[in-house]
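Asks: The primary structure of each chain is shown beneath.
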Amino acid sequence: MRTAATAVMLVVVMLVCSLVGSEQISLKTAMAGIHGSGSPNPDYEILVHIRVPRVILAAIVGAALAAAGTALQALLRNPLADPYILGISSGAGLGATLAIIGGFSWTLWGRSPVAVFAFAGALGTVWLVWVVGRVTGKFHVTGLLLAGVVVNAFFSAIIMFLISIAKGQQLHATMFWLMGNMAEEDFLVLWIGAGCVAAGVISLYFLAPQLNAISFDPADARSMGIHVEKVQLVAFTISAFVTAVAVSLSGLVGFVGLVVPHGVRLVLGPDHRQLVPISSICGAMFLVVADTAARVIVAPAQLPVGVVTAIIGGPFFLILLVRYNRKVSWLR
Amino acid sequence: MRKWWILLVAFTAWIGLGCIWLQPRYVEAVSERQPSDTPERIVSMAPNLTEILFALGLDEKIVGVTQDSDYPPAAAQKHTVGTFWQPNIEAVIALKPDLIVTLIFEQQRNLTERLTRMGYKCLALDISTVDDLFTAIPAVGAATGRSQQAEQVLGGMRARMAAIREAVTGKNRVRVLWVVQRDPLRVAGRNTFINELIELAGGENAVGSTLHVYPPVGGEQIIASAPQVIIEPAMIGGDLPAQRVKAVSYWGKYTTVPAVANGRLYVIDGDLVSRLGPRLGEGIEAIAKCLRPEAFGE
Amino acid sequence: MTVSVEVQNIRFAYHRGQPVLEDISFAVPAGKFLAIVGPNGAGKSTLINLIAGSLVCQSGIVSVDGIDIRSCQPRELARKIAIVRQGSVPVFGFSVAEAVLMARTTHYGPLGFESEIDRQCVAEALEMTATTGFASRPLASLSGGERQRVFIARALAQDTPILLMDEPTTFLDLRHQVAIFDLLKTIQIDKARTIIAITQDINLAAQYCDQALLLRPLRPPPLPAESTGTCRDRGHYRIGPACEVLAAAHIQEVFGVSGFSGRIGKESFFIPLGRLAKDAVRDANSIAQRTDRALNRHKQ
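Residue numbers (our numbering), protein chains in the order written: chain A, 1 to 332; chain B, 1001 to 1298; chain C, 2001 to 2300.
Chain A with its partners taken away, still in its complex shape (with noise of 0.2 Å):
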């Protein structure tokens, strides 16, 4: 089954990636340091403690953004959707820039108030748009994009504000967190925040014949048995979520959750069965990749990985477009 075959890719490219990076470390060394020899074995720690969860964490920001993106291009059935459209990127901004600014130095289990404020910043937003775009009736979807976008200017020009206040490292940091970056967490962060993207991914997946029949058409989708609303609800609320945990994680990595949907639809198609799992895989491998070369290109500093999705991301789209040529035809 494509799916086995993809995520067998991705765990031979984390693997590979893990390997690369600015020090050249070698794997032998760092294997013989898991049985804990006396003296300090750098190679060891940077694979165990500092390459593996930068990996992984990759991984699991590139599976989450992919996957809400593949399912708000079908709820809003439009390909050009990604999972900040609706003001989720404002929000967790916001939330994110507002603890660093407000200095913060209280954490939750030992997490950085920033990754909270900007998941509670996530979900706020996304409700506040929610009930902005009810009061043009019933799930809209013009009035859901209308209503993402006057909260995301609206958020956007609080945060322009809050940085033009701050103190040159906050507002370092706040820009370096709004074009996103990988910081290394511990494990039981990676944990939970695997176990969320996953469920996500595998809900998704349990909606994805319903998905398609909204894709195609949501009035003949309600004839054809499925209950519109509610999946609409479900698969809006599951998107939500899922992008939440990897904004709070990692920041404001763009490109994944635009491009890696559309790629793989344009080699797959649209059937959402196939469509939901792969286009995760692929975007958790593209970050995992992206990130390794934002590490990489120019050691010993790195580049944000917003940065390096946009300029990988461009050029590998434009060829997909024009070498498949299966599914275009949207594009006139």
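FYI, nobody ran anything at the bench for these hints, they're computed from the structure.
Each hint should be verified, as a subset may be incorrect.
Said to hold, decoys possible - These stretches of chain A come out as covered by chain B in the derived footprint (C-beta under 8 Å, 3 or more residues): (1) 45 to 51; (2) 171 to 181; (3) 199 to 213.
Note that CB positions come from ideal geometry on N, CA and C, so glycine has one too.
Position chains B and C against the provided structure of chain A, taking the given hints into account.
Replies: Structure of chains B and C alone, referenced to chain A:
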């Protein structure tokens, strides 16, 4: 419906297992590293920290600095571990340090946490005001076994600052506009350490207290604040005279401003005044020279 | 005779506007073919959507197999009713086979995979509508008429006892128009389905359908009610056996066109004739006469 229940149960079990198994336990490595009083391999994560370490005479023991640590010149020869804004944790670990000196701010906080959890000894300092600097230098001295040298350095700094204070007490404070950026125009507000330097040099910030730390200002505010001296720190260590020429042509249009009318436009070395480090005294002196050239033999 | 679809006193208006349908009641017996005919804006699509459950009437009851549809879940209703609307090109490039397969969504297994039965239904449906050749082509690459047949195939794949169709023969060429009606009739008889179709093709409706509903728009206000024979006229609508409802006089009155009707064998037909067409015929005749006379004079 069943599949949803199964998913829910599996998810809860996953989270539960995770919470039980994976409590952060990075204890193993700690015992292997003996925190000693005289670390032999030190990594500095900020340019001003590098200057402090060099001032304490620790040059051979420094194994890694950030890319932007350019003073003293010997620092440029050391291995780099990323930049001040983006430290590279892998490079730090590869150098096998036994002391890492960092500043407290978001990016480096993460670094410090991770390294501490892996058992490395980290010294995190908060240097945002002049007072902080006077606490930090002894702290570094204590951590590296160079408390004596630390006192000497502090002594030297205090002496220089006292000399400057003497030269400026009793005199009217000179109104200074400190221009951080020209396009768009931003100045240093009262809530910065630059303001402290200005006051120590006998000056007064022409801009009143603002919400912004580095407020953007418009033409009318400049004219209203009527500064007697305009100082622009040159960030790119380049040709200071050439930059001054550019500054003069830029400010030429503000003919009503006293600083422009009297030709009191100065471009000074940015590093000297943007880092809170052992060269603080020199920095304040540089500013004081701009404010009262006659008093400092210009 | 079991009643398949029953509509009682329904009244519907869009968004607190003027009512589009007022006090309509009729029953369609199981296994019959009902044609809904009427001018544009009479409320035909509205009526079909009400029966399918996509719209909810302000008052009155729509029941299917004796059960009020308001108490049905979408899933249950989808097992009973399939509807073909005016289809549009979807945003994403689904292929014909994928589109038709969607009708079987409620029958999928727990992991979302279709079963052999589903695939068979789809294959049959494609064959019945002569679209098997398109199966792997993207929908957007088909012509309007071919797409229409695909949507009909999708409704067929849903395998429901009741089929609703909103102008299924728009865009179709003559051959396929007849083919679709043949197909519907075959399904009706072989598989005992109930079919309700909106159509603008009066003659085909008269040929194929058992019953007809002739719907008048509510504005201008309808003429007073009357009853002639087995055909009930409620002013707003007229229901009864097709041959009677679709009589020339009724058509002319409701659509406001004149024409001539006739009968060939058992089939009756109605051909509308526009004003200009008649004048043109007359003028053409008179031009021909004058030309003849001029020529004759010339010859003399």
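Asks: Look at each hint and say if it fits the structure.
Replies: Evaluation of the provided hints:
no.	hint	verdict
1	45 to 51	holds (count 5)
2	171 to 181	holds (count 3)
3	199 to 213	holds (count 4)
In summary, the structure agrees with every hint in the numbered list given earlier.
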